[in-house]
Amino acid sequence: VPVGTGDEVERIIRETAPDLEFSVASNPEFLREGAAIDDFKRPDRVVIGVNDEHAEKVLAEIYRPLTRNESPLVVMSRRAAELTKYAGNAFLATKIGFINEIADLCEKVGADVADVAKGIGLDSRIGNRFLMPGPGYGGSCFPKDTLALLKTGQDYESPLRIVESVVASNDQRKRSMGRKVIHALGGGDQHGKTV
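Each residue of the sequence shown is one higher than the one before, counting from 1 in this note's numbering.
No wet-lab data here; the hints were simulated from the structure. Treat the hints loosely; a few may be bogus.
To be verified - Pairwise CB distance ranges (calculated):
1) Lys41 to Lys180: 37 to 43 Å
2) Glu21 to Asn69: 39 to 45 Å
3) Tyr63 to Gly134: 31 to 37 Å
4) Thr194 to Gln154: 39 to 45 Å
5) Ser165 to Gly188: 29 to 35 Å
6) Asn69 to Arg129: 18 to 24 Å
7) Ile13 to Lys57: 15 to 21 Å
8) Phe91 to Gln172: 16 to 22 Å
What the hints assert, rightly or not - Only pairs whose alpha carbons sit at most 25 Å apart, straight line, appear in this in silico DSS-like list of lysine-lysine:
9) Lys118 to Lys57
10) Lys108 to Lys180
11) Lys118 to Lys95
12) Lys95 to Lys144
13) Lys151 to Lys174
14) Lys193 to Lys144
15) Lys144 to Lys118
16) Lys174 to Lys193
17) Lys180 to Lys95
18) Lys108 to Lys118
Note that the Cβ used here is the ideal one computed from N, Cα and C, for glycine as well.
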């Protein structure tokens, strides 16, 4: 959800029911496509964004079974939690964009990108996940979350140049993959052909 959504929800409820006692929290999900159940049972972390102690206590109790399994409970403000989801996905999209650009360079210099990816992925500061070159990122989260993060930066006059470059690089990668497919099919007009 966009940064500030919790604030807006709270404002609307307060205007509608000024005497109501309530809390608004942000609890972003970090589920991967195809692994949602496992990710829910064993999350890397549970993020809760709260602006009051009551909401923190209620959510900590709800997530107690998961945090017993050593999943850290990370408590922060609502806005920080809302931003964490976008920032995490934009960072992963950046890794994908980076390895795709390295793959292009490997192709030009005669290096094997799998070797380069393994060599950098074994660095514990980098890690080996999201270092497989391909046609660019897609799916249901990375495209919308990178664009939403860019919009947030624009709205708050805080441009995100790296994320802008990642989105542009990903768009270019998709076009480049299309050109490679057309070239592999012999070039020319591909209308009516099935790939």
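Here is what the structure says about each hint:
1. A hinted range of 37 to 43 Å for the beta carbons of lysine 41 and lysine 180 is consistent with their spacing of about 40 Å.
2. Hint check: glutamate 21 to asparagine 69, Cβ distance near 32 Å, so the stated range 39 to 45 Å is violated.
3. With their beta carbons about 34 Å apart, tyrosine 63 and glycine 134 fall inside the hinted range of 31 to 37 Å.
4. For threonine 194 and glutamine 154, the hinted distance range of 39 to 45 Å is satisfied, since their beta carbons lie about 41 Å from each other.
5. Take serine 165 and glycine 188: their Cβ atoms lie about 33 Å apart, and the range 29 to 35 Å holds.
6. A hinted range of 18 to 24 Å for the beta carbons of asparagine 69 and arginine 129 is consistent with their spacing of about 21 Å.
7. Our hint of 15 to 21 Å for isoleucine 13 and lysine 57 holds, since their Cβ atoms are close to 20 Å apart.
8. For the hinted restraint 16 to 22 Å between phenylalanine 91 and glutamine 172, the CB-CB distance of approximately 20 Å keeps it satisfied.
9. Distance hint between lysine 118 and lysine 57 is unfulfilled; the C-alpha atoms sit about 43 Å from each other, more than 25 Å.
10. Of the supplied pair hints, the one linking lysine 108 and lysine 180 holds, its CA atoms being roughly 14 Å apart against a limit of 25 Å.
11. Taking the CA atoms of lysine 118 and lysine 95, the gap is near 14 Å; set against the 25 Å cutoff, the hint holds.
12. In summary, the hint linking lysine 95 to lysine 144 is supported, as the alpha carbons are separated by about 17 Å, within the 25 Å threshold.
13. Of the pairs offered as hints, the one joining lysine 151 and lysine 174 holds, with about 22 Å between alpha carbons and a cut-off of 25 Å not exceeded.
14. At most 25 Å may separate the alpha-carbon atoms for a hinted pair to count; lysine 193 and lysine 144 exceed this at roughly 31 Å.
15. The straight-line distance between the Cα atoms of lysine 144 and lysine 118 is roughly 29 Å, outside the 25 Å bound, and the hint therefore fails.
16. Distance restraint check for lysine 174 and lysine 193: the Cα-Cα separation of roughly 19 Å lies within the 25 Å cut-off, and the hinted pair is therefore satisfied.
17. Pair hint lysine 180 plus lysine 95 holds up; C-alpha atoms about 22 Å apart against a cutoff of 25 Å.
18. For a cut-off of 25 Å, the pair hint linking lysine 108 to lysine 118 stands: about 19 Å separates their Cα positions.
When each numbered hint is compared with the structure, violations occur for hints 2, 9, 14 and 15.
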